[in-house]
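Everything in the sequence shown is counted per the UniProt record's numbering, starting at 1 for the first residue and increasing by one.
I should point out that these hints are in silico values taken from the structure, not numbers from a laboratory. Don't take every hint at face value.
[Unchecked claim] Pairwise CB distance ranges (calculated):
{"id": "1", "residue 1": "Lys85", "residue 2": "Arg30", "range": "43 to 49 angstroms"}
{"id": "2", "residue 1": "Gln164", "residue 2": "Thr214", "range": "16 to 22 angstroms"}
{"id": "3", "residue 1": "Tyr44", "residue 2": "Lys121", "range": "52 to 58 angstroms"}
{"id": "4", "residue 1": "Asp82", "residue 2": "Leu35", "range": "43 to 49 angstroms"}
{"id": "5", "residue 1": "Lys152", "residue 2": "Asn103", "range": "42 to 48 angstroms"}
[To be verified] The calculated lysine-lysine pairs, modelled on BS3-like cross-linking and capped at a C-alpha distance of 25 angstroms, are:
{"id": "6", "residue 1": "Lys152", "residue 2": "Lys72"}
{"id": "7", "residue 1": "Lys95", "residue 2": "Lys133"}
{"id": "8", "residue 1": "Lys72", "residue 2": "Lys95"}
{"id": "9", "residue 1": "Lys121", "residue 2": "Lys152"}
{"id": "10", "residue 1": "Lys45", "residue 2": "Lys85"}
{"id": "11", "residue 1": "Lys46", "residue 2": "Lys85"}
{"id": "12", "residue 1": "Lys144", "residue 2": "Lys56"}
{"id": "13", "residue 1": "Lys85", "residue 2": "Lys133"}
No residue lacks a Cβ here, since even glycine has one placed at the ideal position from N, Cα and C.
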Amino acid sequence: MWGHLQILGRALKASNLLTLSNQNIYQQLRTTFILKRRSPPGLYKKWQTHGSKRLKARHFIYDLVEDTNLRKNEDLEVILTDYVKGVGNPGDKIKMKENFVYNNFLLPGLAVYASEQNVEKFGKNIGIEEKLKFSSPYVQDTMKYLSDITVKILMNKEVAWIIQPWHVRSSFRRAGIHVPEDAIKLPEEQIAGPNLDLEGKYFEVIVTINNRETVPVKCVIHHWSTVQSEKLPPKDDVELPLIPVFAQISEPPTVT
Numbered sequence: 001m002w003g004h005l006q007i008l009g010r011a012l013k014a015s016n017l018l019t020l021s022n023q024n025i026y027q028q029l030r031t032t033f034i035l036k037r038r039s040p041p042g043l044y045k046k047w048q049t050h051g052s053k054r055l056k057a058r059h060f061i062y063d064l065v066e067d068t069n070l071r072k073n074e075d076l077e078v079i080l081t082d083y084v085k086g087v088g089n090p091g092d093k094i095k096m097k098e099n100f101v102y103n104n105f106l107l108p109g110l111a112v113y114a115s116e117q118n119v120e121k122f123g124k125n126i127g128i129e130e131k132l133k134f135s136s137p138y139v140q141d142t143m144k145y146l147s148d149i150t151v152k153i154l155m156n157k158e159v160a161w162i163i164q165p166w167h168v169r170s171s172f173r174r175a176g177i178h179v180p181e182d183a184i185k186l187p188e189e190q191i192a193g194p195n196l197d198l199e200g201k202y203f204e205v206i207v208t209i210n211n212r213e214t215v216p217v218k219c220v221i222h223h224w225s226t227v228q229s230e231k232l233p234p235k236d237d238v239e240l241p242l243i244p245v246f247a248q249i250s251e252p253p254t255v256t
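Assemble the whole structure, with the sequences as input and the hints as a guide.
So this is what it looks like as structure tokens:
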């Protein structure tokens, strides 16, 4: 029995089965410290060699210049391969925080690293026109905002009028929205006044965004007068449902 154990022991020593357990396992760490000598050594003379002038103890005292582990990581630049709401269209370059880009764009396959090869492959206007869903990354939110609001159109109570695009443009500007006149499309039927039967009723205008997307916007008619006693109290937005000026007005599409 003991003879068999001795033979087994010699066989194990000769094999490589147990050698890994005796070796140290090293883990690479990216720890870089930038140091500066407190006492720089002097220059060598022409006749001196490298070993003829030894460094003294003061030459091995260093001051810490920078710990690269504490250095702020730079933003990661990627190229979008698909439309991302509020970010951009395919082919756009974006720079954001490294972890955010990795988790939200690289892992789902919505972007690639901005390497030279990817720039040539996924660059702007290179085979990505069919993927463009919107003309701008903010169009989707703009369409949703315009479809949800109601713009109040102020019209004179004493002077005859016919609603024109510039009336709508001025009312949009009062609401903090800048829309050019050529981007506003009125209903085919004219709306004329003053007519108190139209007070508080709404009609829809079509607003074109970037000469591409269109969205219907509700506009409410409100008669306005310079005479204090003739002014009509405006209706609150909570007084719903609104009554349309024309009998057939389709509800605006839901933008998500």
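Structure-based check of each hint:
1. Between Lys85 and Arg30 the CB atoms are about 36 angstroms apart, so this pair departs from the stated range of 43 to 49 angstroms.
2. A beta carbon spacing of about 20 angstroms between Gln164 and Thr214 agrees with the range 16 to 22 angstroms that was offered as a hint.
3. Between Tyr44 and Lys121 the C-beta distance comes to about 53 angstroms, which sits within the given range of 52 to 58 angstroms.
4. Checked against the hint of 43 to 49 angstroms, the pair Asp82 and Leu35 passes, with Cβ atoms roughly 46 angstroms apart.
5. Between Lys152 and Asn103 the beta carbons are some 43 angstroms apart, a value that agrees with the proposed interval 42 to 48 angstroms.
6. A threshold of 25 angstroms between alpha carbons decides the hint, and for Lys152 with Lys72 the separation of about 50 angstroms lies outside it, so the pair is violated.
7. For the given pair, Lys95 sits about 22 angstroms from Lys133 by alpha-carbon distance, which is consistent with the 25 angstroms threshold.
8. The hinted pair formed by Lys72 and Lys95 meets the criterion: a straight-line CA distance of about 15 angstroms does not exceed 25 angstroms.
9. As the CA atoms of Lys121 and Lys152 are separated by approximately 49 angstroms, the hinted pair breaks the 25 angstroms bound.
10. Taken as a hint, the Lys45 and Lys85 pair is broken in the structure, with Cα atoms around 67 angstroms apart against an allowance of 25 angstroms.
11. For the given pair, Lys46 sits about 68 angstroms from Lys85 by alpha-carbon distance, which is inconsistent with the 25 angstroms threshold.
12. Proposed proximity of Lys144 and Lys56 is contradicted: the alpha carbons are some 74 angstroms apart, above 25 angstroms.
13. Distance hint between Lys85 and Lys133 is fulfilled; the C-alpha atoms sit about 10 angstroms from each other, no more than 25 angstroms.
Figure legend: structure checked against the earlier numbered hints; hints not met, in rising order: 1, 6, 9, 10, 11, 12.
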